[in-house]
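J.: Go ahead and model the full structure; you've got the sequences and the hints to work with.
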Amino acid sequence: MPGLCGWIDARAGLDGRSKLSHMANGLVLRAGERLLQWEDGWAGLAVLAREDDRLHAGDRFVVAITGMPRWADDRDEAKARALGRAKSIATCWEREGRACLEQIKGSFSLAVIDKKARSLFLAIDRVGIDPMCHGDVPDGCVFATTTDAVAAYPSLDPKVDAQGLYRYAMNYVSPAPGTVYRGINKLLSGHSLSHNIGRGSGRSGSTSIHRYWQTPYQPDGAGDMAALSADLKAHLAKSVDRAIDAGVAAQDTGAVGAFLSGGLDSSTVCGFLGASLDRPAPAYTIVFEDDRYNEGPYAQLAARHFGLAHREYCLKPQDVVDILPEIVRVFDEPFGNSSVIPATFCARMAKTDVSLLLAGDGGDELFAGNQRYADQTILSHYHKVPALLRVLGEPILDRIPEPLAIGPIGKAKRYSQRARLPMPERMHNPGIYHRSQLSRVFTEEMLAQINVEEPYDLWAQHYKESETDDMLASMLHMDMRITLADNDIRKVNGACLLADIDVAYPMLDDDLIDFAAKVPSRLLLSGTRLRHFFKESMKGFLPDAILNKKKQGFGMPFSEWTKSYPPLRDIAVDCLQSLGKRGVFRADFLEGVIAAHAREGAAITDYIVWDLIMLELWLRDRKPRMV
Numbered sequence: 001m002p003g004l005c006g007w008i009d010a011r012a013g014l015d016g017r018s019k020l021s022h023m024a025n026g027l028v029l030r031a032g033e034r035l036l037q038w039e040d041g042w043a044g045l046a047v048l049a050r051e052d053d054r055l056h057a058g059d060r061f062v063v064a065i066t067g068m069p070r071w072a073d074d075r076d077e078a079k080a081r082a083l084g085r086a087k088s089i090a091t092c093w094e095r096e097g098r099a100c101l102e103q104i105k106g107s108f109s110l111a112v113i114d115k116k117a118r119s120l121f122l123a124i125d126r127v128g129i130d131p132m133c134h135g136d137v138p139d140g141c142v143f144a145t146t147t148d149a150v151a152a153y154p155s156l157d158p159k160v161d162a163q164g165l166y167r168y169a170m171n172y173v174s175p176a177p178g179t180v181y182r183g184i185n186k187l188l189s190g191h192s193l194s195h196n197i198g199r200g201s202g203r204s205g206s207t208s209i210h211r212y213w214q215t216p217y218q219p220d221g222a223g224d225m226a227a228l229s230a231d232l233k234a235h236l237a238k239s240v241d242r243a244i245d246a247g248v249a250a251q252d253t254g255a256v257g258a259f260l261s262g263g264l265d266s267s268t269v270c271g272f273l274g275a276s277l278d279r280p281a282p283a284y285t286i287v288f289e290d291d292r293y294n295e296g297p298y299a300q301l302a303a304r305h306f307g308l309a310h311r312e313y314c315l316k317p318q319d320v321v322d323i324l325p326e327i328v329r330v331f332d333e334p335f336g337n338s339s340v341i342p343a344t345f346c347a348r349m350a351k352t353d354v355s356l357l358l359a360g361d362g363g364d365e366l367f368a369g370n371q372r373y374a375d376q377t378i379l380s381h382y383h384k385v386p387a388l389l390r391v392l393g394e395p396i397l398d399r400i401p402e403p404l405a406i407g408p409i410g411k412a413k414r415y416s417q418r419a420r421l422p423m424p425e426r427m428h429n430p431g432i433y434h435r436s437q438l439s440r441v442f443t444e445e446m447l448a449q450i451n452v453e454e455p456y457d458l459w460a461q462h463y464k465e466s467e468t469d470d471m472l473a474s475m476l477h478m479d480m481r482i483t484l485a486d487n488d489i490r491k492v493n494g495a496c497l498l499a500d501i502d503v504a505y506p507m508l509d510d511d512l513i514d515f516a517a518k519v520p521s522r523l524l525l526s527g528t529r530l531r532h533f534f535k536e537s538m539k540g541f542l543p544d545a546i547l548n549k550k551k552q553g554f555g556m557p558f559s560e561w562t563k564s565y566p567p568l569r570d571i572a573v574d575c576l577q578s579l580g581k582r583g584v585f586r587a588d589f590l591e592g593v594i595a596a597h598a599r600e601g602a603a604i605t606d607y608i609v610w611d612l613i614m615l616e617l618w619l620r621d622r623k624p625r626m627v
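The numbering of the sequence shown is full-length UniProt numbering, which starts it at 1 and goes up by one.
One or more hints might be untrue.
[Stated by the list, open to error] Straight-line distance between alpha carbons at most 25 Å, and here's what the computed PhoX-like set of lysine-lysine pairs gives:
{"id": "1", "residue 1": "K159", "residue 2": "K623"}
{"id": "2", "residue 1": "K550", "residue 2": "K233"}
{"id": "3", "residue 1": "K159", "residue 2": "K550"}
{"id": "4", "residue 1": "K464", "residue 2": "K384"}
{"id": "5", "residue 1": "K535", "residue 2": "K581"}
{"id": "6", "residue 1": "K233", "residue 2": "K535"}
{"id": "7", "residue 1": "K115", "residue 2": "K87"}
{"id": "8", "residue 1": "K518", "residue 2": "K535"}
{"id": "9", "residue 1": "K550", "residue 2": "K535"}
{"id": "10", "residue 1": "K384", "residue 2": "K411"}
{"id": "11", "residue 1": "K464", "residue 2": "K518"}
{"id": "12", "residue 1": "K316", "residue 2": "K550"}
Rather than coming from a laboratory, the hints here were simulated on the basis of the structure.
T.: Encoded structure:
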């Protein structure tokens, strides 16, 4: 939950302090933070921080860093704590330049301004826990940890464009490297940016992006289950200890607790947290009256098993109504993951007891826990069918009319059609946003402005960047980028920002990621058994009922509530009707969504209602200029 902003701009003028203050208004100030800033006309840099060591202005280098960074070498880490975070990086930068980035682990957003070269260097951590946005101006580059702060720079004129809205619709978040704005982008995890304006006038520099780190997948490696299981437990214990050490001031371990959903990862984190403390570990759970969403019994089981100091909060529909405006304001782009609401109430409950929460996010993307991994294993068997049979059978299946495509015949048709899609497109079900349906959903003006293939191209790019032919490793890499960095981490960060509580992610410890990348795919996913290696390793540590439970993870019954609870239903109708007047979605399509949502039972468009509510509320709050 960082706050950092700045620029380098040959035409910036002399009002740097006012520019920094204006940009900093687009950051979220938390309790105990103050704005540390430096400016020199052509450049400025500011960071919101509780510690003075987050900004250092030396003779040549000006450095700002956010998050919970650590040096890979324990001796360097000890020196950094004595010298100060930003100054230790400046010292390393003088010796090694950008090569020192390879030595920094943990979560961070980093900015380095070289006063002699009049250049800028930006980077974010290997997982993307801390973000960085950037936009070019005629003679420089503007940057910040939020799009709001970048958009506040005087000579930048960002507009929300059709492509950004389409990107959001397809993903219900805005995945990097794009944003909802034309002219503002985000760094991908493990990437850096360089910009040099030199000493001349006029357009004297350009922005270049580099990948500085790649997950070192070794999916075909040898591995003994018993030895790897022992290593996993050692890494987990160390990662929890590191998270506590990085996030809690003055080693006050009584100030740390954990989210507890009752699933594999949160229960594991709570278990190792309890082992690390000399008192019952605080753990926090959201429960629901609807048993289909309530994971309370599993959380209670974990709490008893590990002797946790456990608290629960029962979320009600009125809670959603009350917090919606705050959710919209804290996210700098439209954000459609409804589980941010239970996560926020969970974090607020914890805030009364602790100052740091540990989150379990990341386990599914490291150890193969998402259902689509098993689905793709099943679909991949299709290509083992003799080619002649497929050539003969596919036209017959394709010609079966949809009304008759029921039972085993219908399943065969859908299986054949999906299996023929290329990876990774077949992982995704765009539903109502399928290429064939877009003319029913969007206005002609909207469709004329978008590249329909861009989301598919982005998925394919991430899938191929795993640098391995292994299907599972490629899927894990893609989900690390989109499902994790652009969605789940943003959700938890936003929730904890609203609660004004720090958060750390033990499952995303750099060393644990490196270890997981070396576990053979055949152990991670055994046939279609998800989390095979992890579950086998945690036998005897986690209760069997948790090892065998179906994944949920802070889900919320938003469809049920927007159908049955009048205040939420009114918000949904009002938002969708207003959205229909913006020239993006067809008004008749949205009226159809409203009508279908009002009927009893599930409708095929129910799943997009929340996304559209959040989009409309965000547009109302920000009032952005539209292309």
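J.: Are the hints correct? Go through all of them and say.
T.: Results for each hint:
| no. | hint | in the structure |
| --- | --- | --- |
| 1 | K159 to K623 | holds (10 Å) |
| 2 | K550 to K233 | holds (23 Å) |
| 3 | K159 to K550 | violated (42 Å) |
| 4 | K464 to K384 | holds (23 Å) |
| 5 | K535 to K581 | violated (50 Å) |
| 6 | K233 to K535 | holds (12 Å) |
| 7 | K115 to K87 | holds (15 Å) |
| 8 | K518 to K535 | holds (17 Å) |
| 9 | K550 to K535 | holds (13 Å) |
| 10 | K384 to K411 | holds (18 Å) |
| 11 | K464 to K518 | holds (18 Å) |
| 12 | K316 to K550 | holds (23 Å) |
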